[in-house]
Every structure is written in C-alpha cells, then in structure tokens.
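Chains as they are written, first to last, in the working numbering: chain A, 1 to 303; chain B, 1001 to 1350.
The hints are simulated quantities; they were obtained by calculation from the structure and are not laboratory data.
Note that this is a predicted model, so its numbers are computed, not measured.
Don't take each hint at face value.
What the hints assert, rightly or not - The calculated lysine-lysine pairs, modelled on DSS-like cross-linking and capped at a C-alpha distance of 30 Å, are:
| no. | chain 1 | residue 1 | chain 2 | residue 2 |
| --- | --- | --- | --- | --- |
| 1 | B | K1161 | A | K95 |
| 2 | A | K103 | B | K1266 |
| 3 | A | K225 | B | K1135 |
| 4 | B | K1163 | A | K139 |
| 5 | B | K1145 | B | K1161 |
| 6 | A | K139 | B | K1013 |
| 7 | A | K30 | B | K1135 |
| 8 | B | K1013 | A | K103 |
| 9 | B | K1135 | B | K1013 |
| 10 | A | K139 | B | K1048 |
| 11 | B | K1261 | A | K30 |
| 12 | B | K1171 | A | K103 |
| 13 | B | K1013 | B | K1145 |
| 14 | A | K103 | B | K1145 |
| 15 | A | K95 | B | K1266 |
| 16 | A | K95 | B | K1045 |
| 17 | A | K95 | B | K1063 |
| 18 | A | K103 | B | K1135 |
| 19 | B | K1261 | B | K1145 |
| 20 | A | K225 | B | K1169 |
| 21 | A | K95 | B | K1171 |
| 22 | A | K103 | B | K1045 |
| 23 | A | K37 | B | K1261 |
| 24 | B | K1013 | A | K95 |
| 25 | B | K1013 | B | K1063 |
| 26 | B | K1048 | A | K103 |
| 27 | B | K1048 | B | K1013 |
| 28 | B | K1170 | A | K103 |
| 29 | B | K1145 | A | K95 |
| 30 | B | K1048 | A | K95 |
| 31 | A | K139 | B | K1045 |
| 32 | B | K1013 | A | K30 |
Stated by the list, open to error - DEER-style ranges, computed between Cβ atoms:
| no. | chain 1 | residue 1 | chain 2 | residue 2 | range |
| --- | --- | --- | --- | --- | --- |
| 33 | A | R260 | B | K1062 | 35 to 43 Å |
| 34 | A | H286 | B | R1107 | 51 to 59 Å |
| 35 | A | R260 | B | T1252 | 26 to 34 Å |
| 36 | B | T1252 | A | E29 | 13 to 21 Å |
| 37 | A | P69 | B | K1261 | 35 to 43 Å |
| 38 | A | V97 | B | K1062 | 32 to 40 Å |
| 39 | B | R1308 | A | A292 | 47 to 55 Å |
Cβ atoms here follow ideal geometry from the backbone N, Cα and C, with glycine treated the same way.
The lines below spell out each chain.
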Amino acid sequence: MKHETTRPPLDPIILGHNPFFGVDHLSHEKGAARDQKFSDIRNVTAMIRFARERGVDALMLSTHPRARPICDALRAEPGISDGLRLYPVLPYIAKYVRMANEKGLTNVVLDSLSGAGIGTKLGTILKGGAGVLGRDLMKMIETLIDLEMAVFTSLDLRAVFLHQALTDLCLGLGLRGIFEFYEEYIPRRYNGAAAAYCTYNLPYLLRRLHEWGIERPVIMASFNKAGYQMNPDRPSNERALKEGGLSFVAMGTLASGYLRPAEAYEYLFRFPNVDSIVVGVSTEAHAEETFAVIRREREARGA
Amino acid sequence: MADLRIGIIGFGKMGMLHGGIVNGLEGSTLAAVAEPSDLVARALKTLKPDVRVYSDYREMLKKEDLDAAYIATPVFQHVDMGIACVEHGVSTFVEKPLSTTASEARRLVDALERRSVPNMVAWMMRYLPTFRRAKSLLESGVLGKVIQFQVTMYVSQLFRKGKGWRYDKKKSGGGLIMGPCSHALDLVTWYFGEAAFVNARQNNFYSGETEDFLHVIFEMKSGVTGWLDSSWSVRGHRLVETRFDVHGTDGTLIVTDDIVKVFLEKEAAGLSRGWTIERIPELFEGVPIDIGGGQYTRENIEFLRCVREGRSPENNVRAAWKVHRLIDAIYASAADRGAPKEPDAFGGER
C-alpha cells in the first residue's frame, strides 16, 4: 500500500476501553461493577493519567455513548491529552443493534443520514440506477463514518479500527470493495491515521486481505494461551502471526481474566510480529502489575 | 461436491448475519437475496454483484435453483414464507420465534407433513458453549433425579414504549416472550421436555399491549417443577443475562452465559465430589468463521449438514411449534390471573 512507508508505528501498549464501558467477557457481574465505577468520568481520566505517568500514551476508545464525555474531558485537560494517541473503534455496535431492533436496519441508516443533512438527497439517489448509487453509496458510508468520528475532533488519531462485527460480516460476504474503500478513506480523511480492523477471524481475514492486494493491514485480534476467541483454532492463529504481513495488535491477551498476566505475556512474546497490546485495566494496582509484566516479558524475549 | 446455493429472505440484521456466515463457510454460497428495501437491494447490487437480488421472495423461489432458504423477516411473515419454501422443495431455516401463535405455526408443520424438507428454527442459545455443556451434563444423569429448576433472564432494553414491528403484538405475537424470553422457553423444553401445566403472570407497564415482566410456574410432564422470571425492563444488564439453576437428588447445576457450576454429592462422569467450575474460555470452541458469535456459525453448520443429509435437526419446525403451544398457554394463563393452562390444549392436534 502506498501509505505503508509513511504509516507511524503503533504504540506498544494501548489502554483498552472495555472496563470503562462495563464490558467484561468473562463475567457480566464484574462488568456491571466497573460500569458503575467508570460512569464517573473522573475515574476514567484518573486511570488515563496514571497510565501516562507509567509511559502508556495510547487509548483505545469505541464510539460508546461514554466516549463523548471522555473525549470532552480529554480536550478540557491538555495535561492528559497532549501527546496521547487515540485508537477509535467504530461503530459502537450495541447501539445500532438496539436501534435496528426497533426500526429496522434501513431506517437506522436513513435516520442517521438525515440527521447529517443528506437524507433529503436519498430519494433522488434511490431513483437512480445501481451505478449512481455505487458512487453515492460510498458517500453515504463516508458520512456514517464521519458521524461516528465527530466525537474525536482535534484529538490525535493513530489508527481507526472497524468493529469486528462489521469487519467479519464484510469478510464473510466477501465485500472487497468495502476494504479497499476503507484503506483509502481513513488515512486521507483522518490525517494519516491507519485503516485498521478488529476481527475474531485473524487467519481468514489476513488471507483474504492479502489476496485483495492489501499487503500489510493493521489487525487487532484475540491472542492468548487459552485459545479463547481465536478462530478457527489457536494453531492457525499462531501460524498466521508467524508468517506475518500485518501490523498486529493483540487483544484478549488474558482471555478475559482467565489467565494470569505472567503466563499470558510469557506466551505472547514467544511470537514475533506483536506490534502492540491492548490491555483493559480497572484499578491502579492492576494497571501497575500489567504494565510491569508486559515490559519484563517483552525484554526477556527480546521481542 | 458443489456448493449449496443459499437464498436469504429479508436482508436486515439477522439476514446479513446468516448471509455472511453461509458465504464465509466452505461448501455454501450466498446466491440470492429477497429484500423489499430499495436501499439494501441497491447496495448489494453495487457491493456484491454476483448475488441476485429480488424484491419479492416468491420470484426468488421461482427463478433460483436454491438448496436452502433462510427466513429472517418480521415474525408475522415467517409462516407464509416458510410454506412457500417448502412447496418449492427448498430446505427452510426460520429465524426465531417461528410464528405469532401455535395455530399459525401449525400451518407450516402441516405443509412439512405434505412435503418433507430439512427444516430448522434458529434457537441459537442451544449453540452457546455453556448451555450446550449444561445439556450434556443433564443428559449424563450426574444430578440424579431432577426435581426443580429456576430460570432468570434479564436485559436492560425497554424503558419507554417501543417502536416498530417487534412491539406490535399483531406482527410480533408479543413482547418479552417473543423476544429474548422465547430462547429461555426453548431451553426449558430442550432440557426438561414438554410442560403439562403452566401458571403465568405478566406486567405490561411500558409496552401496554405486550409484556415487559413475566413470571411462569411450570409443571413438566416428567413431574419436574420449576419457575422462570424474566424482564427486559430491569436496569444493570447491558446484555441479555440468563441463568438456570437445576436441583437434583445427587447434585445441583448452575449455568449462565459465562459459567457452568456443578455441585455433586458423589464423584460421577469424571467430575469430582463438591463444586466443579467451568468458565467460558475453557468451554470455547473455534468456528471456521465467527460473525457476531460462534453460536450462529454452529447453528448454520448444523443446518447445512442436515440439508446435505436430507434430515432435520432436533430444533426443527415441529419442536418450535411445541414451544409456541407453551407460549400460548403462558399468555392464556396470564390473561386469566395465573389459572393453570395446558400447552397441549393450544395450537391444533398432535
């Protein structure tokens, strides 16, 4: 890809958003407790500050409703946000699923667009042929992305991840055009930020993207000793990572808290090509321990 | 072997999900879509020109040589569409719930008796690792004689009157029960067989004509008793949370979306005495492609295997019709202040 050479490197550790949003893949109960803690945005900014004091300057943030107050707080406190790099994930899929349950997927799209002022054009678009729509379809997708991204205005973006529900849906349907569009649009529109994909199908996605000429995609996927959320199985994911041809962000490294940090990172750094790790931390003690273990294991393995 | 050619009727959220899975799996291809929305149809033509798009599902069934069709439209359309698929000899997959009522569902059961094709209803919770594990534990008999079960299912979804077909009783058949709760009722019948009697109470605080809170007491034909408490209008549950507690003479089983816990009085089937806890990462099984959860892929793999083998899985249309008899009895009991009702008295003979 033409922007490959200019693409800035990924941060080695990215603070994950899941605890801030009450997401816990192992326990709904724990998730709900964290949701209560981080509904006070000061607890979120305190955690970001704590991480930055320990050299972690990157934050992943999906377009969850709570992203807005977090971004507002970051903009209001340059002391925390200067030099902080954001890794958005879009869209916040639960919101769209809920809206689609109410009014159907088409109406969700149409209503979102009409809010952005292009809904009135849709009547005209729909009267045109497939060729006309083809052009305008991409415009609609651009608008939908920009609507989601508005919350991050003036913050420093390093990569913009497509949520795994959409990445994996487009992968399954074989929508090559969407991936080509996304690769071109994100860096152009967002100041060189990389197009990036979150997936639960790392080997499958990587194979297809390579077939489609996307040579070194940025991919975030689960990677852990338990094999949790690694499809179709752990060995295939390990092989894909060893073969390379991607910038890799490991998520789910603790298998949702199932693995202890020491064994988890000892395993992870056996593999080359782990450019970055996204970690969810809910307390300062937990953050301290996690960062220390990651750095120790990374150095021990010379990764 | 040639790929199975799949048609999807209704390309909304669930239609796209199934389309992505069948197209992503080896051995099957998304061949055609029937979708009345212009926007979706045109977007598909642009992005996926090899898929043939129809505005009318009957046209699709007539013109395409399909091995199977997936019905993912609003509930009130399921049965007519299902009958059309069956009459074309096309294997039929229907999203849950099957129908608005048992007698409506019965029409599809009858059509399948006239012409048998592989068929399935998408009770995806049967394909979640913890609930699958619970089924195998129940079948192993480690709990001894099962006495009583308790089910809770909660989600923070609805705190004002809902809009759209799902909240219109004529189109959806009901509220909470037809939504998430139908999965729990399917699991009750999968685990414990058919109910002899139910007593039910409901509260329609937010929705008016459909239920937001539900409590059901079961007397199963096997003699097992139990209860279910459910709501989509309680706070603190970001996702649907389901829990079964099953009490037997030799042990207790607790299963949630995240965890399986078994307490046994004595060692059995490789499980030690006392508590055994299995969590989701241990129970995880990879799938060839995961879109929105491996359970959907496992469900599709089972259906496609059945299509190739010319048979239907356990969670077929007839089994779903029985779930609808249970649902009808629940509604009838709730309308009669909890009077006992017999599911077998609803939704036609047999």
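Now for the hints, and whether the structure bears them out:
no., hint, result
1, K1161/B x K95/A, "holds (17 Å)"
2, K103/A x K1266/B, "violated (52 Å)"
3, K225/A x K1135/B, "holds (27 Å)"
4, K1163/B x K139/A, "holds (29 Å)"
5, K1145/B x K1161/B, "violated (43 Å)"
6, K139/A x K1013/B, "holds (22 Å)"
7, K30/A x K1135/B, "holds (26 Å)"
8, K1013/B x K103/A, "holds (11 Å)"
9, K1135/B x K1013/B, "holds (29 Å)"
10, K139/A x K1048/B, "holds (17 Å)"
11, K1261/B x K30/A, "holds (17 Å)"
12, K1171/B x K103/A, "holds (13 Å)"
13, K1013/B x K1145/B, "violated (42 Å)"
14, K103/A x K1145/B, "violated (46 Å)"
15, K95/A x K1266/B, "violated (47 Å)"
16, K95/A x K1045/B, "holds (27 Å)"
17, K95/A x K1063/B, "violated (37 Å)"
18, K103/A x K1135/B, "violated (35 Å)"
19, K1261/B x K1145/B, "holds (18 Å)"
20, K225/A x K1169/B, "violated (48 Å)"
21, K95/A x K1171/B, "holds (23 Å)"
22, K103/A x K1045/B, "holds (23 Å)"
23, K37/A x K1261/B, "holds (28 Å)"
24, K1013/B x K95/A, "holds (13 Å)"
25, K1013/B x K1063/B, "holds (25 Å)"
26, K1048/B x K103/A, "holds (25 Å)"
27, K1048/B x K1013/B, "holds (17 Å)"
28, K1170/B x K103/A, "holds (16 Å)"
29, K1145/B x K95/A, "violated (44 Å)"
30, K1048/B x K95/A, "holds (26 Å)"
31, K139/A x K1045/B, "holds (16 Å)"
32, K1013/B x K30/A, "holds (29 Å)"
33, R260/A x K1062/B: 35 to 43 Å, "violated (60 Å)"
34, H286/A x R1107/B: 51 to 59 Å, "holds (57 Å)"
35, R260/A x T1252/B: 26 to 34 Å, "holds (29 Å)"
36, T1252/B x E29/A: 13 to 21 Å, "holds (19 Å)"
37, P69/A x K1261/B: 35 to 43 Å, "holds (37 Å)"
38, V97/A x K1062/B: 32 to 40 Å, "holds (33 Å)"
39, R1308/B x A292/A: 47 to 55 Å, "holds (53 Å)"
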